[in-house]
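Student: Here's the letter readout for the chains.
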Amino acid sequence: MIEYFKNNRYLILRRTTQAGLLLLFSGTQWWGWKLLTGTYSSARVFELFYLSDPHAVLQAMAAGFVMSSDALIGALIILAFYALLAGRSFCSWVCPLNMVTDLAKWTRGKLKLSGHENLIKINRKTRYWVLGIGLVVSWFAGIAAFEIINPITIFHRGIIFGIGLGWMAVAAVFLFDVLVVEHGWCGHLCPLGAFYTIISRFALVKVSHDTEKCTLCMKCKDVCHEEQVLFLIGEDSGYIRGACSICARCIEVCDDDALKFSVFNYKT
Amino acid sequence: MADKGVKNGRRKALKLMFRDIGLAGLGGIVWGATATKLKASELTLRPPGALLEEDFLKACIRCGNCVEACPYDTLKLADIDDHASAGSPFFIPRTTPCYMCPDVPCIPACPSGALDAATIPKEESHEKKAIPDVEKARMGIAVIDQESCLAYWGIQCDACYRACPLMGEAITLEMKRNERTGKHALLEPVVHRDVCTGCGMCEHACVTEKAAIFVLPRAVATGMVGKHYIKGWEREDERRLKELKDKKEKTSKPEDILNNWESLFGDD
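These protein sequences, in sequence, are chains S and W.
Quick note: the first sequence uses my numbering, first residue 1, plus one each step.
Quick note: the second sequence uses my numbering, first residue 1001, plus one each step.
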């Protein structure tokens, strides 16, 4: 039992933050807690200030509207938090859709689909195109283009306020990940993940690899959702960079202590 | 030979580049068409203080803070099957109307400026903190279908008139002779568009199976005469006529209009 907790310690922590934050939002809606009000698009904290989704604010800007200071400052705080400190950790520690895509990965494993060739081939860089095209579409359609189809916020709102047909968007992502492309949504298409990847290049919190200790068991590559970021395993010591969302699964499964949390050193 | 290899490599790279740009364009077109279509849901009633629909859609970050602030649970965030852009707040008066809270809590809860107090004139009596006068909010206009209105049939009903928070101003009862019986009165409700806030209390109160009085967004329920009609009996409007005359004197013969090619493409 203790072994289980030890081997899944970060997974349990992540599920706790994901579900805990959702609980705080729901608490406001259903029991009047007022700790976190609204949604991740813009959340009022302790009734004092707002935290907003910088990608949503950026889309509105592309559509031709500069939001008022509450939302702007909130977006800047979030931007600074992930860009300077927490990296792309939104995706694996906060985003509610991560639970769905992780479930999809688990299902894929149960169905013994992992390792099979994907039904269609999608480049992992497609998400950067989606990010860019989304901003262009926002500009000429005059509306935040991703926000009106965003399965993350559809799911998130659904959990807090009750879901209608929005479950179909969530189911679509799940089935896409299980049947069409492994890690299809988070790893290939999601523009929000792309956004956080781009801004978090120099974030302080990183996972680092020590090749001296590595025994090349490759367990880390098996659990990683962005296995291309682990290209240095067994070859080079250093920080895991790029699209790594710091989910820390690799740290948990590593029996050799070759992967661990570390603080990014700007000098190297 | 090596030269040829480079050439082929370059050709292949160019081909791939054009393919990617083509795919991006395709995606952009489909996405843009979807966004434009999703935007065009005109029959949506927005909270008080909302910007005009076109701007509101750009400005709303879809966070739900207005929904949380609404003490009557009037406001809902649109799911993908609602007649509103996903995640944007709206209300259905037949279910729950806007109760026009004097402090309009939904407006200050908005972080993005999509609900803007400046769109509503301030209440005069409040000197310290200028609160928008919710009675001057313009969420929509109540429209009456006379064929299904009991009062127009000659049956006594003044449910909408009495439910109206601006009783006797936004809805008045016009007394007419009931020609059918020859000895009764008709008390016909009439909506005054300059006063009606579009709160929907009337629609909520209407006793018919499907409401005979219902709120439509202002842009949908109002016509426009066009600026070439002038109220000759109003001095202000008469002045416009003079301005038009002044303008007309500048234009000359038909052939000159054709010769002046720049004006063919201009507005004027």
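Think of the hints as simulated: they come from the structure by calculation, not from any bench.
On a predicted model such as this, the values are computed, not experimentally measured, just so you know.
Every residue gets a Cβ at the ideal spot worked out from N, C-alpha and C, and that includes glycine.
Hints should not be assumed to be uniformly reliable.
[Unchecked claim] Mimicking BS3-like on lysine-lysine, the simulated pairs with C-alpha atoms at most 30 Å apart in a straight line are:
1) 1015(W) x 34(S)
2) 1007(W) x 125(S)
3) 121(S) x 1007(W)
4) 267(S) x 125(S)
5) 6(S) x 112(S)
6) 1122(W) x 121(S)
[As the list claims (entries may be wrong)] A few chain W residues that face chain S, going by a derived Cβ cut-off under 7 Å, partial list only:
7) 1022
8) 1024
9) 1027
10) 1031
11) 1032
12) 1058
13) 1254
14) 1256
15) 1257
16) 1260
Student: For every hint, state whether the structure bears it out.
Tutor: Quick rundown of the hints versus the structure:
Taking the CA atoms of residue 1015(W) and residue 34(S), the gap is near 55 Å; set against the 30 Å cutoff, the hint is violated. For the suggested pair residue 1007(W) and residue 125(S), the alpha carbons sit about 26 Å apart, so the restraint of at most 30 Å is met. A distance of roughly 27 Å separates the Cα atoms of residue 121(S) and residue 1007(W); the hinted pair therefore holds under the 30 Å criterion. Taking the CA atoms of residue 267(S) and residue 125(S), the gap is about 28 Å. The hint holds against a cut of 30 Å.
As the CA atoms of residue 6(S) and residue 112(S) are separated by approximately 26 Å, the hinted pair is consistent with the 30 Å bound. Restraint check for residue 1122(W) and residue 121(S): not satisfied, since their Cα atoms lie roughly 58 Å apart, outside the 30 Å limit. Evaluation of the residue 1022(W) hint against chain S yields a violated restraint, the C-beta minimum of about 12 Å exceeding 7 Å. Because the closest C-beta pair between residue 1024(W) and chain S is about 5 Å apart, less than 7 Å, the hint holds.
Checking residue 1027(W) against chain S by beta carbon gives a least distance of about 6 Å; that is within 7 Å, so the hint holds. For the restraint placing residue 1031(W) at the interface with chain S, the shortest Cβ-Cβ distance is roughly 5 Å, inside the 7 Å limit, so the hint holds. At its closest, the beta carbon of residue 1032(W) sits 5 Å from a beta carbon of chain S; the interface hint therefore holds under the 7 Å criterion. With its C-beta approaching chain S no nearer than about 4 Å, residue 1058(W) sits inside the 7 Å limit, and its interface hint holds.
The interface hint given for residue 1254(W) is broken, as the beta carbon of that residue sits about 38 Å from the closest beta carbon of chain S, more than 7 Å. Because the smallest distance between the Cβ of residue 1256(W) and any Cβ of chain S comes to about 38 Å, over 7 Å, the interface hint for this residue is violated. Look at residue 1257(W): its Cβ only gets to about 34 Å from chain S, farther than 7 Å, so that hint breaks. Interface hint status for residue 1260(W): violated, as the beta-carbon distance to the closest one in chain S is roughly 32 Å, over 7 Å.
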